[in-house]
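Let the sequences and hints guide you as you build the complete structure.
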Amino acid sequence: MLSVLLLALLSFSAGAIDKDIEPDSCETPEKCIAKIFEVFDRDSTPGQYPSMPEQAIIKKLTLFKDDGLPFIINLLEEDNELIARIGAVALREVESIDEKFLPKIIAGLDRDISWLAPSLAKVGTPNAAEVAVKKYLVSRSAPHNQEGYAVRLFGQSVLPYIIKAIHCEYKCNDDTYYLLGSALEDMADNDKTEAAKKLINVALAPSVDEEIKIGALQVISFLGEAGKLIEPQILDLRNNEQNFIRAANEALIGIKSKHAGEIYAKALAEGADIYILRDIAELGQNAVGAGAAVTQLLDSDDMDVKLFAARTIGYIGYKNAEHKLVTLLNDKTDVQINFVAAESLGRIKSKDALSSLKVVAENHWYPAVRSAALKAIEHIGNGQAYESEFHRKNFAFEYFHFQHMDIKACDEVTLETVAEPASQKLYSQNASEQLEKLTYKSVILSYGASDEEQQKADNPGGIIEVNSHNIIEHRQEIVQVPRVALKVANGWLVGSDRGEWGGELVHIADDGEQTNLLDENIEDIYKLGERYIATTGLAHLTMNDGLIYELHVDGRGNWKSKPWLRLPGSAYSSWFVETGELLINTSGGGSLLLSETGSFRMATCK
-7 MLSVLLLALL SFSAGAIDKD IEPDSCETPE KCIAKIFEVF DRDSTPGQYP SMPEQAIIKK
53 LTLFKDDGLP FIINLLEEDN ELIARIGAVA LREVESIDEK FLPKIIAGLD RDISWLAPSL
113 AKVGTPNAAE VAVKKYLVSR SAPHNQEGYA VRLFGQSVLP YIIKAIHCEY KCNDDTYYLL
173 GSALEDMADN DKTEAAKKLI NVALAPSVDE EIKIGALQVI SFLGEAGKLI EPQILDLRNN
233 EQNFIRAANE ALIGIKSKHA GEIYAKALAE GADIYILRDI AELGQNAVGA GAAVTQLLDS
293 DDMDVKLFAA RTIGYIGYKN AEHKLVTLLN DKTDVQINFV AAESLGRIKS KDALSSLKVV
353 AENHWYPAVR SAALKAIEHI GNGQAYESEF HRKNFAFEYF HFQHMDIKAC DEVTLETVAE
413 PASQKLYSQN ASEQLEKLTY KSVILSYGAS DEEQQKADNP GGIIEVNSHN IIEHRQEIVQ
473 VPRVALKVAN GWLVGSDRGE WGGELVHIAD DGEQTNLLDE NIEDIYKLGE RYIATTGLAH
533 LTMNDGLIYE LHVDGRGNWK SKPWLRLPGS AYSSWFVETG ELLINTSGGG SLLLSETGSF
593 RMATCK
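For the sequence shown, position 330 matches number 322 in my numbering, and the numbering has no gaps at all.
Since the hints were derived computationally from the structure, they do not count as laboratory data.
Incorrect hints may have been included.
[To be verified] Simulated pairs of lysine-lysine, DSSO-like, Cα-Cα distance not exceeding 27 Å:
id, residue 1, residue 2
1, 220, 385
2, 479, 367
3, 51, 23
4, 114, 156
5, 96, 156
6, 479, 417
7, 126, 27
8, 258, 385
9, 92, 114
10, 385, 479
11, 350, 311
12, 367, 324
13, 367, 385
14, 258, 248
15, 429, 479
16, 51, 27
17, 350, 316
18, 341, 324
19, 51, 114
20, 554, 316
21, 552, 433
22, 400, 350
23, 350, 385
24, 220, 248
25, 367, 350
26, 341, 316
27, 552, 417
28, 156, 92
Being a predicted model, the structure only gives us computed values, none of them experimental.
Written out as structure tokens, the structure is:
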């Protein structure tokens, strides 16, 4: 999600005439305008940026300065949207725009001319700033669109109108405070500090409606550390007004308050998930107050919660967890938690863990874990902090990056393949007719934007933004033909993998009864020694997860599943080899050999 938002923001804000383009040879503004009608790209769409020849004419028009501005403005009145768009882009390139042209710009905005909104900042007057806020709040693809970019360009000068909007002077809806916060989020810190002062005055004003006060606190939550100067006032409001506790807590978290940790600790007590843990980690040492609550999760039965708790401890620097992290270095069920524990010990500079890290660095079966232990030893020794490979706004990428070990799987291994009996194992590539008889009913869940068509109209070919305010669930019932099936005593275990659209593991009894065991992408199903197992995983965009589930029959004769071992990446192919081990090729995690006892080793490539 975050990557979609950032890409959308870049696509809207980064438009600029290529500096290497030479100005067109047209000699006067009139001749340049005439040439536009000759060269404009008739196959483009209004949302596309101008072509190279169009940009060359735009560059030349801007060189005429005030003499060229009326001609550029007049382009906005053209019926052809592609021509009007060229005028809009040209206005982004001029040094300034006289306010007398503001009515024509507003008329162009009313026509939804692409790329035009940022020209309001070139007018730069209070009237233009107010127009920018009003247009932004009613724009269909906000917040990461041209109108949002225009508001951010005004900086502090737009604050009076943001405050008016918070008071609902331009009308309010469910998105108003979210949009206003998003507009402030990417402004300079000094602008956000001024915004904090004005916003807290709204939240504390005795005559203001409660909904508006809560909205002001919601907007404050977007300010980051620039809002820390108003932390005492937020605390007073939270402690003295029962109705504002939740909104004040969100504001405290948003400004990275020293009290954020204790707020998150209470949230974890109500129910932990990996996204709360990620948010705690992003606060860094500001969230150390949640350290004890996060440490308790290292004993969780949920493999994901346990893994990400270990990850989070390193970022918040909670040293009291070091002994539990040392224990996790040798957790035989989860190679990723071995890696994460090593890195977290390095982040908290745990000198007590040095001897254990040295053992792991020398003896662990997985090379990435050995490397993580060596790096941790280095950081503990020199006291230096870990450097991020990502921009600070891309913390989610950094937090989940350990899922990408960047170890290539073998094209071919040194061990011979051992085939399973065709009567026991069916694959879609060689037993499609038999698998057709094992179909089952399933549901495909997907998510999209409720305003997708509007976004397409606003920006043809652009990125569709999905956020918490417009997300919608789609459910499609299907009849699924499995891609793999394993014969068991009382029927078949069958599995499917639809990639990003999901998959499942199902038991189909001899009498046709269907029991869903897992909602996971199933790579394969095996009898490994005395165990039945399923290899699973999904590698899609930034996601790369892989688990092996153990399958068993309970006392009532029903098949059940439970996580057994975590893989360093999604399983994408597997088969038995001559040693009796199962070879598993993983996305970015290399080729592994799994024994029936549950121990791993790396396969040797040919």
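Structure-based check of each hint:
A threshold of 27 Å between alpha carbons decides the hint, and for residue 220 with residue 385 the separation of about 18 Å falls inside it, so the pair holds. A hinted pair counts as satisfied when its Cα atoms are at most 27 Å apart, and residue 479 with residue 367 does not qualify at roughly 46 Å. Taken as a hint, the residue 51 and residue 23 pair is honoured in the structure, with Cα atoms around 14 Å apart against an allowance of 27 Å. Taking the CA atoms of residue 114 and residue 156, the gap is near 22 Å; set against the 27 Å cutoff, the hint holds.
For the given pair, residue 96 sits about 24 Å from residue 156 by alpha-carbon distance, which is consistent with the 27 Å threshold. Distance check on the hinted pair: residue 479 and residue 417 sit about 6 Å apart at the alpha-carbon level, within 27 Å; holds. Simply put, residue 126 and residue 27 have alpha-carbon atoms about 35 Å apart, too far for the 27 Å limit, and the pair is violated. At roughly 26 Å between alpha-carbon atoms, residue 258 and residue 385 fall within 27 Å of each other, so this suggested pair holds.
A hinted pair counts as satisfied when its Cα atoms are at most 27 Å apart, and residue 92 with residue 114 qualifies at roughly 12 Å. Proximity of residue 385 to residue 479 is assessed by CA-CA distance (about 49 Å); at most 27 Å being required, the pair is judged violated. This hinted pair checks out: residue 350 and residue 311 have alpha carbons roughly 19 Å apart, not beyond 27 Å. Among the hinted pairs, residue 367 with residue 324 is consistent with the structure: their alpha-carbon atoms are about 21 Å apart, no more than 27 Å.
At roughly 25 Å between alpha-carbon atoms, residue 367 and residue 385 fall within 27 Å of each other, so this suggested pair holds. Straight-line distance between C-alpha atoms of residue 258 and residue 248 comes to about 16 Å, which keeps the hinted pair within the 27 Å bound. Proposed proximity of residue 429 and residue 479 is supported: the alpha carbons are some 13 Å apart, at most 27 Å. Among the hinted pairs, residue 51 with residue 27 is consistent with the structure: their alpha-carbon atoms are about 13 Å apart, no more than 27 Å.
For a cut-off of 27 Å, the pair hint linking residue 350 to residue 316 stands: about 17 Å separates their Cα positions. Of the pairs offered as hints, the one joining residue 341 and residue 324 holds, with about 24 Å between alpha carbons and a cut-off of 27 Å not exceeded. For the proposed pair residue 51 and residue 114, the alpha carbon gap of about 16 Å is at most 27 Å, so the pair holds. A threshold of 27 Å between alpha carbons decides the hint, and for residue 554 with residue 316 the separation of about 24 Å falls inside it, so the pair holds.
A C-alpha spacing of about 19 Å is found between residue 552 and residue 433, which places the hinted pair at or below 27 Å, so the restraint holds. Proposed proximity of residue 400 and residue 350 is supported: the alpha carbons are some 25 Å apart, at most 27 Å. Under the criterion of a C-alpha separation no larger than 27 Å, the hint pairing residue 350 with residue 385 is inconsistent with the structure, at around 34 Å. Between residue 220 and residue 248, the direct Cα distance comes to roughly 7 Å. Compliance with the 27 Å bound is thereby established for this hinted pair.
For the hint pairing residue 367 with residue 350, the CA-to-CA distance comes to about 11 Å; that is within 27 Å, so the pair holds. Taken as a hint, the residue 341 and residue 316 pair is honoured in the structure, with Cα atoms around 15 Å apart against an allowance of 27 Å. Using a Cα cut-off of 27 Å, the hinted pair residue 552 and residue 417 holds, with the two alpha carbons roughly 20 Å apart. Pair hint residue 156 plus residue 92 holds up; C-alpha atoms about 24 Å apart against a cutoff of 27 Å.
Of the numbered hints listed earlier, those contradicted by the structure are 2, 7, 10, 23.
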